[in-house]
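For reference, each letter of the sequence shown is one residue, going 22 to 274 in the working numbering.
Some clues are possibly wrong.
[Stated by the list, open to error] Listed next, with one range per pair, are the computed distances between beta-carbon atoms:
1. F261 / S48: 20 to 30 Å
2. R191 / P274: 52 to 62 Å
3. R194 / G228: 45 to 55 Å
4. G228 / Q83: 16 to 26 Å
5. Q106 / G241: 27 to 37 Å
6. L187 / D121: 26 to 36 Å
7. A98 / G153: 17 to 27 Å
8. R194 / A47: 18 to 28 Å
9. A221 / A246: 45 to 55 Å
10. T123 / D172: 48 to 58 Å
11. T123 / A246: 22 to 32 Å
12. D219 / T32: 34 to 44 Å
13. V167 / G241: 18 to 28 Å
14. G237 / T123: 43 to 53 Å
Just so you know, the hints here were simulated from the structure itself, not pulled from any lab data.
Yeah, the Cβ is synthetic: ideal placement off N, Cα and C, and Gly gets one too.
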Amino acid sequence: MFKEEFKDETTRLIALLDAADRLRGASEMRLRSYELLGAAPGRSMVDVGCGAGRAVAEMAGQGARAVGVDIQDQMIAAARERWPQAEFEVAGAYELPLADRTLDGYRADKVFHELDDPARALAEAQRVLTPGGRIVLTGQDWDAFVIDADDAGLTRTIVHARADLLPSPRAARHYRNLLLDCGFEDVGVEAAMAVVTDPAVLPMLVGLAEGARSAGAVSGPDAEAWVAEQRERARAGRLFLAVPLFVASATKP
């Protein structure tokens with residue numbers, strides 16, 4: 022029973038990632054990450070937390086030798102099914118199945134907020150990158166979502182409570198200092214604000230409320246009323262979510 026529930030959760034996550042990939046500006050941000058990495062023919066890349074594998078396939082399409090790793094074997098199975106010509110492995114960010122100093126690029130998109138020790142993951146990135154290798158981290162700040170709702174106080178509570186369920190919800194705002202602390206050079210950070218009005222993001226908003234309810238931060242009736250309002254906004258074309266996104270890049274000395 023647990024395995025079936027896990028599969029269903031993975032299916033929902035893949036659907037949410039697919040929806041995020043279709044949002045305005047998402048494709049441009051992925052392309053920008055490849056540019057910062059220097060993805061090009063003959064260069065070797067790893068995409069950590071690759072999900073269903075879109076970035077790996079796109080970097081391979083640019084001529085790079087790309088491998089995707091994800092800790093969930095269901096994700097890797099989905100990636101292999103979607104992109105049978107690409108390379109994927111089951112592995113976590115702390116122990117990559119790659120030799121020392123063999124990669125030109127390390128990419129992690131929407132991953133570090135799920136890690137309880139981001140510095141350990143960066144140490145692993147240092148290990149696998151060649152001198153002069155590039156690292157790019159992209160992701161959202163979970164504690165800074167902006168959502169239009171009638172009850173601003175309840176919305177703030179929901180956003181912060183859901184963020185606090187994550188191991189490192191504010192990792193994106195720490196990217197620069199994390200990279201500096203781990204000895205990377207030429208550290209740069211770019212920022213963008215993703216504005217979403219598409220009803221496809223509604224499952225994410227429902228997840229925020231459910232997370233806050235499960236944490237005991239809001240009552241069941243309050244969570245249900247908040248979700249009902251967001252559903253009505255989606256139906257009426259009045260949904261509004263803004264998410265701050267950060268792209269950090271650096272070079273291994």
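Hint check results:
no. : hint                    : verdict
1   : F261 / S48: 20 to 30 Å  : 22 Å, holds
2   : R191 / P274: 52 to 62 Å : 27 Å, violated
3   : R194 / G228: 45 to 55 Å : 21 Å, violated
4   : G228 / Q83: 16 to 26 Å  : 33 Å, violated
5   : Q106 / G241: 27 to 37 Å : 47 Å, violated
6   : L187 / D121: 26 to 36 Å : 31 Å, holds
7   : A98 / G153: 17 to 27 Å  : 34 Å, violated
8   : R194 / A47: 18 to 28 Å  : 20 Å, holds
9   : A221 / A246: 45 to 55 Å : 22 Å, violated
10  : T123 / D172: 48 to 58 Å : 52 Å, holds
11  : T123 / A246: 22 to 32 Å : 53 Å, violated
12  : D219 / T32: 34 to 44 Å  : 20 Å, violated
13  : V167 / G241: 18 to 28 Å : 25 Å, holds
14  : G237 / T123: 43 to 53 Å : 46 Å, holds
Consistency note: the structure conflicts with the earlier hints numbered 2, 3, 4, 5, 7, 9, 11, 12.
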